[in-house]
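A.B. asks: Protein chains in written order, with numbering that gives the first Met the number 0: chain D, 0 to 344; chain C, 0 to 267; chain X, 0 to 414.
No lab work stands behind these hints: they were computed from the structure.
Fair warning: this is a prediction, and the values are worked out from it, not measured in the lab.
Here a beta-carbon is modelled for each residue, glycine too, at the ideal position from N, C-alpha and C.
Hints are supplied without guarantee of correctness; some may be wrong.
What the hints assert, rightly or not - Chain C residues, not near chain D, derived (Cβ > 10 Å throughout):
(1) F5
(2) F12
(3) G172
(4) Q185
To be verified - Calculated cross-link-like contacts (lysine to any residue; reagent style SDA-like; alpha-carbon spacing at most 20 Å):
(5) K73/D <-> S162/C
(6) K106/X <-> L129/C
(7) K102/D <-> E165/C
(8) K82/X <-> T132/C
(9) K174/C <-> M101/D
(10) K100/X <-> W114/C
(11) K333/D <-> I296/D
Claimed, not checked - Using C-beta positions, here's what the derived DEER-type ranges look like:
(12) G78/X <-> F179/C: 51 to 61 Å
(13) Q296/X <-> P63/C: 41 to 51 Å
(14) G103/X <-> F12/D: 51 to 61 Å
(15) N325/D <-> K6/C: 56 to 66 Å
(16) M133/C <-> E405/X: 35 to 45 Å
(17) S158/C <-> T69/D: 27 to 37 Å
(18) K102/D <-> P63/C: 48 to 58 Å
If you want the building blocks of each chain, they are given just below.
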Amino acid sequence: MASITIKNLYKYFPPSFALQIDELMIKEGEFFGIIGPSGCGKTTLLRLITGLTAPDRGEIWLNGREITKTPPEKRNIGLIFQEPRLFPHFTVEENVGFGLKMKKSRRRDIKAKIDEALEMVGLTGFNRRYPSALSGGQKQRVALARALVLEPKALLMDEPFSALDPELRVEMRFLIKKLQQEKKITIIFITHDREEAFTLFERMAVMQEGKILQTGTPLHIYNQPQNIKVANFLGINNILPGYIEGNYFYTQGFRILLGAANQNQTAKYLLLKPESLKIVNGEEDARPFLTGTIEEITFQTGFYHIKVKVQSQSLNIIQKYQPGKNFTPGAEVKILYHPEEIILL
Amino acid sequence: MVSRLFKLLIPVFLTGMVLLNIIPLLLLIFLSLGSSWMWPHLFPGPISLSSWKYVINPAAGSLPALKTSLQIALTATLINLILAMPAAKSLAHYHFKGRKACELILLLPALIPPWAVITGIHKTFIYLNLTDTMSGVILAHLLPTLPYMVRALTISFASIDYSLEEQAYLLGGNKSQTFFYITLPQLLPGIAAGSILSVLISLSEYLTTLIIGGGQVLTLTLVMFPFVNGGNPSIGAAYSLLFALMALITLFSLDTFINRYYSENKLY
Amino acid sequence: MFKKILALFLTLGLLTAPLAGCRQTASLSPDKELLQADFSQIQKEARGQTVAIYMWGGDESVNRYMDEWVAPRVEKELGIKLKRVPINDAREMINKLLTEKEAGKTKGSIDIMWINGENFKLAKDNDLLWGPFVDKLPNYNRYIDGEDYQIKYDFGEDTEGLEAPWGKAQFVFIYDSNKIASPPDTVEALKAWIKDNPGRFTYPAPPDFTGSAFIRQILAGVSSNYDRYLTASLDRESLETEITPLWDYLNQIKPYLWQKGITYPENIAKLNELYAQGEVYMTMSYNPNYADNMIKQGRFPATTRTFVLKNGSLANTHYLAIPFNAPHKAGAMAVIDYLLSFEAQLAKFDPANWGDGLAISLAKLSPEEKEKLKQIKPGKAALSPEELEKYKLPELSGAYVDIIEEGWFNHVAKN
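Could you put the whole structure together from the sequences, leaning on the hints where they help?
C.D. replies: Structural data, given as structure tokens:
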């Protein structure tokens, strides 16, 4: 049985945005991601699940109970925002203990639980500090501890690390992954960062314009995107329109050889993953190839991102950096591809 | 160079400000002691305690007047708080038609000189049977004070971080818990500012107290005014100092009260 | 949201409600029976009442006389609680009564008010006074000479029994005998003295009460036919022209005044400060015992003395009246009657208490009472009652007071 189930959820925002989710199931203890461009309704979805926003219609179920009309304070679903939202007039321990105090827990228990939660996020001994005396990463850890201390039925995170420095971001991802695995917490995590999605999520949903386009494991979605929007968002940015005739897919100005499984099918688009293409200068190779001219080269942490013009179209290619192998703009090159790694839509 | 000069000037300015505040106070003290200190004399004249003896003499009624003053000021301020809260919240957060006009109307009583409207107010209060009573005076004091309270609270409400309220709900806080632990502490500076203004204005209110109270409600300001206004400057000065002391103690207690509330509202 | 906006509008309503106000009229009950009743009956009704007397509250001696001498005795002898309400300006009471009258408030809060001059005229013209009641008071009938011009007419206005005389004030000059051996005794001599002692004299600018009185005092000295001004018969323009000698006099002394007459003290308190500091050698007062009081308080030099001008010294009477809507009219009559008793007048006359002039007529006193009066010696800085009486002049018509004040501004201050 799924931990969180959403059925026919609908929320309209005048003048022209609507969120519509026909069905979404998140399993207990799952690290579930929601990925999509900004403005696609990810945050709205989280607010609907926590109850901060009321839906126009539809149902939200939590562990087999409908909670659509339950007020947020009675749902016990944690929500971590991009900014830590610590209470400035309370100390770290008062912030962390706030939820327990509201539930009127016993004082001794509160103290123990606060310390435990602070230890979990690596802030032991920070009890008496005020938020103003903390760094950005520390604040977000306090926010995390404050949510975890309540042992929430689910923890929702709305781009929680996007305001942090890159190294800190990696560290925090590691921390949350570790905590999730240790505590088996159900997490719904929002990001627009593909890298974050692939590192963290067990399953994820791709959202766009208020709708879920595809659900599945990150790898599955990457290998079999259901449509070009999903593919494009996941970084498969060589999308060639055309048609299949026999063993080949014909697009403007050139043709691509298909693997045996794909021959004689119908498709409107052919997708080439940028890292599946290989640029060769003169070396011989048995694989099929295209020829083109290098237009643009950028170098990013061990990889070249290269734009090659093939006939009237541009292909994006990612090449691993190898010493001694250089690319020059304007050079004529061969592009090798694997017929088996082609995606047809 | 410029900044060094500036640094040198700061203590000069500060000293000037302090002197500006202290000199009139000293003059007032000397005056209340029956002495005067006028240019070009270097030292103040001989002193006597007769003015103070008159002021503290029970027949002069200073103590009941002081009590009445405080009663009116504090009650009016409390009512102001209750009235201004929803008004200020609406003004700060809802952008409805005519909001600007509402804001202006709410400020109007502070802008219009009291003598311009006091006759109208007096008549209305006569019809409502509120003249010559303490409650009438309290109600009348709302007019000049409420605008300041609304203003102070509006600014406070406008600067409130509502995401913190949401956060409190998410952590299981209900509406009243959230208000007392999260919203109110953020409003306190505004409440303090509004209350202080309201108390001070009410304490120094003369015309409305006189007309609406009809002399039956005697505040310290009423008792003091004939002396200050040319009657007997020495007794006037003694009353002024008594008034200042009362205002100071009130403000200090108010501040302590608010601060204590703030610190007692700590979670543990 | 709508609830909050509703709350906002309620607040708005509360704030604006007092500005509206609707008219209604109520008939006034004239308390005719009370004016017909026997005085013992009135005193009986007064017993147990709390009577509020509204009076200027800026003088320690006056307040003390009321609080410490009158109030306990009234309570003991008449069973009436006397409540003194200090006010800043008698005009405030008149305005209060005017609004109350317009609003039809038949039960007010003022039982007795202390007034005279223009405020009396205003009250009388607007029917704010209850009465006539004075001839109901035994002590009025026994001690007051109701036909005396200075009692019957209040700044030229016929009192018509609507106010009872309570005391008298007289305009005097105050000087330091250490600095002036023999003070001037006529307006001309005063002018000469001012010219001989430049910077040592000034007077408060009108509309200060005392400053305004000083100007009238000079008018009395320079005009040949002062009685002509006791009733208002001239219009503004002809009065201003006719009293040109007054403007000339004031302009002639102007260059020799303190600060060369460029500025004047804004009120009598300022002038008294200047005198106390020795900046100027003279000050003035409408209270003949003022110098004595100030010496006692240690605020004026012990060598301070008083003088009056032989051309005449202005005097006025101050009165007690009962408003149309006084809630305790019987109590008010009983208290006023008590204040006109020989004992109360004597105590008021005693400089140890207040030192105010007697409203009761010396001619009506019994030999024993005259003897008691003789026991009270004026302070060494004050003049004897006989000397004051010798040069006493009535105040001119109240209608002229404003005209002269404005005239001073145009003819003297602006020059």
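A.B. asks: Against this structure, judge whether each hint is valid.
C.D. replies: Cross-check of the supplied hints:
No beta-carbon of chain D is positioned within 10 Å of the beta-carbon of F5/C; the least distance is around 29 Å. Under the 10 Å C-beta cut-off, the non-interface status given to F12/C relative to chain D holds; the minimum distance is some 30 Å. Not every beta carbon of chain D lies more than 10 Å from that of G172/C, the smallest distance being close to 4 Å; the non-interface claim is violated. Some Cβ of chain D comes within 10 Å of the Cβ of Q185/C; the nearest lies about 8 Å off, and the non-interface call is violated.
Distance check on the hinted pair: K73/D and S162/C sit about 18 Å apart at the alpha-carbon level, within 20 Å; holds. Among the hinted pairs, K106/X with L129/C is consistent with the structure: their alpha-carbon atoms are about 12 Å apart, no more than 20 Å. Distance restraint check for K102/D and E165/C: the Cα-Cα separation of roughly 16 Å lies within the 20 Å cut-off, and the hinted pair is therefore satisfied. Proximity of K82/X to T132/C is assessed by CA-CA distance (about 16 Å); at most 20 Å being required, the pair is judged to hold.
A distance of roughly 11 Å separates the Cα atoms of K174/C and M101/D; the hinted pair therefore holds under the 20 Å criterion. Distance check on the hinted pair: K100/X and W114/C sit about 18 Å apart at the alpha-carbon level, within 20 Å; holds. Simply put, K333/D and I296/D have alpha-carbon atoms about 16 Å apart, close enough for the 20 Å limit, and the pair holds. Between G78/X and F179/C the beta carbon distance is about 55 Å. The supplied range of 51 to 61 Å therefore holds.
Checked against the hint of 41 to 51 Å, the C-beta distance between Q296/X and P63/C comes to roughly 26 Å, which is inconsistent with it. Distance hint check for G103/X and F12/D: the Cβ-Cβ separation is about 60 Å, which falls inside the suggested range of 51 to 61 Å. In this structure the hint that N325/D and K6/C lie 56 to 66 Å apart at CB holds, the actual value being about 60 Å. In this structure the hint that M133/C and E405/X lie 35 to 45 Å apart at CB holds, the actual value being about 41 Å.
The supplied range of 27 to 37 Å is met by S158/C and T69/D, whose beta-carbon atoms lie about 31 Å from each other. Taken as a hint, the range 48 to 58 Å holds for the pair K102/D and P63/C, whose Cβ atoms sit roughly 51 Å apart.
Violated hints, listed in ascending order, are 3, 4, 13; each of the other numbered hints is respected by the structure.
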